[in-house]
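First to last, the sequence lines map onto chains A and B. Heads up: the first sequence at position 147 corresponds to 147 in the numbering used here, and the numbers run straight through without jumps. Take any residue in the second sequence, count from 1 to its spot, add 1000: that is its number in the numbering used here.
Hints are computed from structural coordinates only; laboratory data are not their basis. Just so you know, not all the hints are guaranteed correct.
Listed next, the stretches of chain B that the computed footprint assigns to chain A, with coverage defined by at least 3 CB atoms under 8 Å from CB atoms of chain A [to be verified]:
# : segment
1 : 1027-1040
2 : 1380-1389
3 : 1425-1439
Beta carbons are placed, not taken as given, at the ideal position from N, Cα and C, and that holds for glycine.
The chain contents come next:
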Amino acid sequence: MMRRCARWMLLLALLVPAACTPGGWRDASPAGEAPALYPDYTDIVIPANIAPLNFDILNPADACVAVLSGPDGELVLRGPEIRIPQKAWRRLTAGARGSAIQGTVYVRRDGQWLRLPDYRIEVSADEIDPYVTYRLIEPGYSSYGSLVLRQRDLTSFRERDLYNNQLFSGRVEQQCINCHSFQNYCPDNFQFHAREGAGGTVVVTGDRAKKVAFKTGDLISNAVYPSWHPTEPLIAYSVNKTAQGFFRTHRQRIEVYDSASDLILYDVERDQVSYIVHDSLAYETFPYWAADGKTLYYASSYLPDWGADPGTNAFLHTDRIRYNIFCLDFDPQTRTFGTPRLVFDAVADSLSAVTPRPSPDGRFLLSGVGSYGSFHVWHESGDIYITDLSTGQTRPMDEINSDKAESFKAWSSNSRWIVFTSRRDDGSYTRLYFSYVDENGRGRKPFLLPQKDPAQNRRLFKSYNVPEFTTGAVSWSTKQLEDVLLSDPVQVEQIPSK
Amino acid sequence: MLKSCKHILFSGLFGFLFLVIFKTGLLYHLEQFSLFCPEGDWLRVFFEQPGGVLALAGAFLTQFCHCPVLGAAFFALLMCLLTFLTEKAFGLEGRAVWLAALPALFVLLFVTRLDYSVYLFRTYGLLYSQLLGFCAAAALVLLYRGCFAGRRSGPLFVAAAVLAGYPLFGAFALLAALLMALLALREGKRGFAELAVAVVTAVAVPWLCRDLPGIFPRIHRKYVYFSALPYLEFLDNVICLVPLMLAAAASVALCFLRRAGRLAVPALLGAALLAVGAGSCWDRGFHTVLAMERAVDGQDWDKVLKLAARQQDPNRIHVLYRDVALYQKGTLTEKMFQYPDGDAPLHTLAPFPIANICAVPVLYYCGMINACDRLAMEHSSTFCKNIHYYKYQARTALVSGEYELARKYLDMVDANWFEGKWVRRYRAFLDNPALMDADPEYRRLRPLLQDTPTAFEASGSLQEMLFAHFANPEYVNESVFEWQAATYLIQKDPDRTLDCLFSRLEQVPDARVGTALAEGAALFGSEMGDPELMRALTAVLSDKVAVLKRFSRFGADANNARDLDAKKTKDWFADHYGGTYWYYYLYVDINPNR
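Just chain B, same shape as in the assembly (with noise of 0.2 Å):
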């Protein structure tokens, strides 16, 4: 028994370990950014287009994904049973069985390729509907190749599996009829029967669901033959959708093929096997935005700032969220330039603003809840509505006192499996606002809503709206000061960086100077040369003896440097100063319309 089965235990297991050694991040986001509401009213859209079915189960299974050893143990039981199914369909022998593998195969590729572009999903259940539609048409070809193949019936089956099979598995059912009429042909009894009626019902019956009106009233006209493959998602990136297409293509080939020579089984699954391991996704800066966003959601902040430390060669969305976690450990002026900075670009074959990964986040942990909600509605309206987006616009009602627009919120998060404790924490503010008083996420967030609230905020990209929402040096509080302070230094600001300084000082005499601030600091009032400044810095920097000697040193260096740009100084320097402002102003430069 398990030797007949190995072929299909092989496509589970690799499918499992790839996904849980790899993609545990990946499988959390899908969750996060997935939602399941079993409710009539979110239900009954899913049946308005073909296919919907397929999205609906993969929205009901990727619930499993919170604890992602669970996702990916469902998916790998979706490849076994698709290796199953399409060994059976097919009536793979011998080694040909290994083979029935590769369809499985090329899904999984579809799913560990996924880069930056899981922020833009229009489609639910993504993760397991491509596996689920496959599944389906090999278990049609299955049913047909066991009762009607050969008989009279045979094309009464294909035109039926079409006519039922599109509703409910849309594109998918358009494949099961042309591998049910590559197999007649492969037996040549009626084949070309087959053929000719799963042609014309593969194009009258989108063709009917497309214009008839009453029926799919949410049908996507202009991709009636695409339903349910994730056309909105890829269709003008169409690389993505390539392992999709090997795995129809390698359906087709099988049709065709019931043994294999010795070598062909090693080296077509070999070559599968490697096309997983060389297309998958192995971005870094992707995969620890995955796990930043998952500290950040679990408020590990040393988590966030861990991963910061390991990112090398940061995009702004890592130094974002590591500014986040500073803030909330009350170092952010302190040890921002501590870590790795810089503004990697995204690797991703359709670049797009941060905005759509990480703003929802940042924005409401420096507090400018508004814009929170505000994007969170926006991408939630134009991407899938989801848990993630969910969550904020709760605590930003909650923030806010609309509690029961919160109680909405909470409400629809908590109708998905497994948020249950992240609801019953959110949950209890409601029945008693009071405690949110001693909370250390509000403690953290209210002092930063303490602004002009009929004040505009600014638009544009994520940078430049926190630049505009900090840029009045004037000074607040301490938790205000924090984000003014670092906002006008990762600017390169001098004259906000020693105004905001100076305006605490009028206000909190004794306050400290975080060794982020003071590096700036002692760097701008020595640009700018006036000795009054010089003095006055001085004594706001009596006690940062330490950082006022090592720029002295720093200076000298600088001045004595031959060719600051060339690669071998700006070594030295991250060597010598790689920690500090001075190496962040001299070598760092971000693009704030990213």
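Next up, chain A with everything else stripped away, as it sits in the complex (with noise of 0.2 Å):
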């Protein structure tokens, strides 16, 4: 009964817009010119929770409308600016669950309608985690006059700071905020960076907050890249010292590079770090758990013989630095870690391999992959690899990857969706793409985030980058955070490795 109320709901709800799109498109002649969609939301996965994907038509039309139908109904929209009403497309995309959306596109030219070949939009019953967290930035160098990490809810167009350096950046004073890392999806523990001003690592766990500061006995830097053990109150972190290039006339513009680097425990609750692994004849950076908590991935680069002058040879050599894929054993109750084992050997095909994230339910590994060097990001070669765990294989995911940067890369909470930075739109500004992911590790067309206005992806003059998933809302605001860098830091103390 209820179904069917829902159903004439529906119907009603779609009579009230059909009615105000211009009359004959029903009695269109089919076309073969396929739809143009910005973005391109055709043949695509979705998740039934994901909010509306609102679309631009940009096939030539004097007048333009858009059809979606469900099992349950159909929504008529017009066009060329399809935005979608956010319940009717709960109701479409609920009604879908587990099967497709069917997309037209009809176009009138010299007063004839065109109906151009269907699509379709499969919608998955594995939901997407709620809450996507990314930082903007512009795609610089080392200003950062206005930097935001925001939080983003897939299922609306709600989003909003989590923090930004505006409250506090002033005319000397500039503030980088980065790598943001929650742990085990869950918005309550959470950390972050603050360089030069108020600098500091923000962590948060519960309702206590504290600012900690990691330089240290000899540790080459502060706390950089990190990640939470999913249980136990232990972030993993590289130290890096890193230096950037600036090329002459190459596209790629940048070149980001470590000139030494090592991976450190740090133990939230004690404030105390430890090496985990501190070689002197390697890189190792990029650490990430695996989601039991026993497995720690992780890159690492031996060091090409640099010779008298390292500093000077690694910045004109960076191209001859290439990162394998490692992992660690580690025991949680004795907090001691195993003997590296090599999980991808990217080297061994003139690649190189960083930033592991293996799969919550431990069946495959996302690494990112470019020719040489560490930050994909601004590498054209930049692709997304992903490792059979089971099998070892590892093979580059082509149905995601573009011919620009893909860089960074997270998986949801479910395992069966992945979100992904790309260069693709524009080759300068990083974009959130989603993928589904199927259990033989097999992604699907990727989809741009979605937008309430889909020219907002054009017209923003930022990146987005680092995004990360989790299962609800941050509840810190950005002021209470603020508050938090604003106080004196926590020294950490060095300890022996175990």
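Each chain sits in its own coordinate frame; assemble them with the hints.
If you want it as structure tokens, here you go:
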């Protein structure tokens, strides 16, 4: 009864906009021209709980209509700017959960309606985590006038600043914020770094927060790339000596590279750090815990022989630095690590693999792979590779990669969705793309983060980076976090490794 | 009617004429270094901080400065409005109405005294926002005086004005509350109630906005009481804020002044006019930079050279723009020392690297497109995003074949009124990139890109970047050669000047040697004293007989001079060899770190 009632209501909701659409489109004659949509939402797989996929029809037309049909009804929308009412979309996707929505675009030219070929939007029953947190930053180099850590509700268009440096930055003072990380998709425990003005690492555990200063002992830097242990009050970090160089006319523009790096383990409760890996002959970076907390993945590169002047030679020969993916066993009881095991030998293929991301179900591992180096967001060769951890087989995910840089990525907590950053739109500004990954590790055509007005993606002069899923919204306000940053830091103590 | 508006017309007309006669370059610059995009996301940010509405309105109006007369007209209209509101708000009568022009004149002074600091703005619409802020404050006071003064609802209105006004007008709402309280005190009816309410709300409302979660997520918590004022620009350089303080002080003083004595009006008005005249920025170097910048924007190279010729005491910005223009005209190594040269310091209270001013255009026209794009990105993320930088980013994207990226930048520039013509020119290349082959801009630019693309660019000051970029004297092509030779001459580097000259001759035996380069080669050859080198140079400079003859005379004169450092000697050499490389070599020193 309820279902029937809902159908009638949906029909009623659809009739109103339909009444406003130009008539005659139902009698359209078929045309072979493919529908050109921005963003391209044709033939994709989406989670049922995603926000409406608003799009613009780019096919030339005097008038156009888009029809989205699901098992429980259809939505008729007048183009070229297709803005889907949220409630109607919710009903449409709920009805199509586990099946598909059919999309059809009608265009009128010279008084004649044409029906462009249908496309499908599969609606997966596997939902996506409702929140994604990312940093918005100009694809710049050393200035950070306006940086934002922002959290977006993927089920709607709501987003809010988690922290923005406008609260603090002045004429002279600037503040870089980066490397946010959550413990096991939970919004209660998270951390991020601030550099320069009021610098330190904000570590939030529930309703408590502190600013932590990491530079201590013989650590080569403050804590950099983080990964929370999924269950223990531990965060694995890399410490890196990072530098950058600027290409003269190369389209890649910039090279970011390390001239030293190690891995450390931070005890959140005791404020102690110890080395995990500290090999002077290798660069170890980008640690990431497996979901069971018993394995730590990371990237490592053996140093080329730089000779007498390693700093300069590293700068001149960054294309000789290539990373493999390794892992270490970890015993949470004793907090001891095993010996390194090679997981993905990228160097054997003259590639460089970094930023390992194991899926929460433990089946797969994503890596960012480029022809060299570690900062693939600036490498056009940057792609995402997937390793089947049961067989050890690794392959490029050609089904989601583009000829531009793909870099940061994250799994949803149910291991069925990934979010990654890509520069495919314009080569410079990264955008968030989502892709369904099936149980065999095969991805589906990625789709762009839905926006209320899709043109926002073109107008926004900032890059999205470090997307991280969470299962809920962070409850801390920007101002509360600024208060933490303005407080005195807790200085960590370095202890010997176990 | 006209008689009763004389003071209003006076303030507007004075502002208009002052801006049109002396500050058109500034107005155009402010438009180019501003941005207006009528799109939700861009607009939203303005509402996330108190007083953002003023900045937004200011950014909108700044567009009109593309045509400076129009920009000045809007400014003048707002001055008229402020004068009118001030008169009515404070109930000025008789001669005292002329004093209503004081706040507007002081805001005019705030604008006209702007110098190189305009390159460091972090706030949009400053040209108009302060004037709008004072108008808002005066309007609130007028409303209070007309409807609430002396009534029980007076204190309530004061509280409401701060509560609703602070989010919209920032500190100007606080000023309005103060003025209302002072007016109430003047009237003597419940004045202390108003004053108490004004103080409490003026303290409490910004404080609440500062700390309440969920509202104003971008409020700068350190400066809540300065919202809508240019604190990020001038708080460490408070003298620039003095005109605004004077405007506020004038408003406060007018609260207590209904009538004025016969002498008071001309004295006060005269002092204000004098302050505008004397306090404005009259730095000729700054205005030449603005004029050159505009000419470079329009690729009017003759204008740039004309301005360079007029600037007798140039700073490196003038010289760099001049060199760019000479390169565009194909006469860099011919005429570069025929213009005044130098390294005069920037006359500004807070000196900063010249890269913040001219690096983006200079690097672009020198073919350092990645460096140009990088600095445009850096500056626009540190300071206001603006049309100027987006234009260069669009052009660098075009020349590197990144058409989608170029489209993105062009779309943003196109969102601004008055930029349509510029955008159409470059959008044509998007539709048909082959058109770039025939375009003079790209024909001069592209040969400069024939460099090792994966080589790293040096960082440092703008001069250091240029020196490092052209550090290798090996011949590449005629365009690169021009910059190489010019760079070595500027650095007074004999080895690389001659290396680059001979390296070129090996590749292009019949190449003509420019006069400036010939002068440099003759000087360096003679300094080295190698007879074989001299013979080779004589052959190379066979068509520069006049240069060689003149160099002989110069050598003799230099040898005969008793004290080359003496001012008299310097003047004599300026008279006789002022347009030559030799004079530059002897008397011009530059600071490459500037």
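ask   = Do three or more residues from the segment 1425-1439 of chain B put their C-beta atoms closer than 8 Å to C-beta atoms of chain A?
value = That given contact is violated, which follows from only 0 residues of the segment 1425-1439 of chain B lying within Cβ reach (below 8 Å) of chain A.
Three-residue Cβ test at 8 Å for the coverage of the segment 1380-1389 of chain B by chain A = holds (count 5)
inquiry  = Is the coverage entry for the segment 1027-1040 of chain B by chain A consistent with the three-residue Cβ rule at 8 Å?
reply    = holds (count 3)
Hint compliance for this structure: hint 3 is the single one not met.
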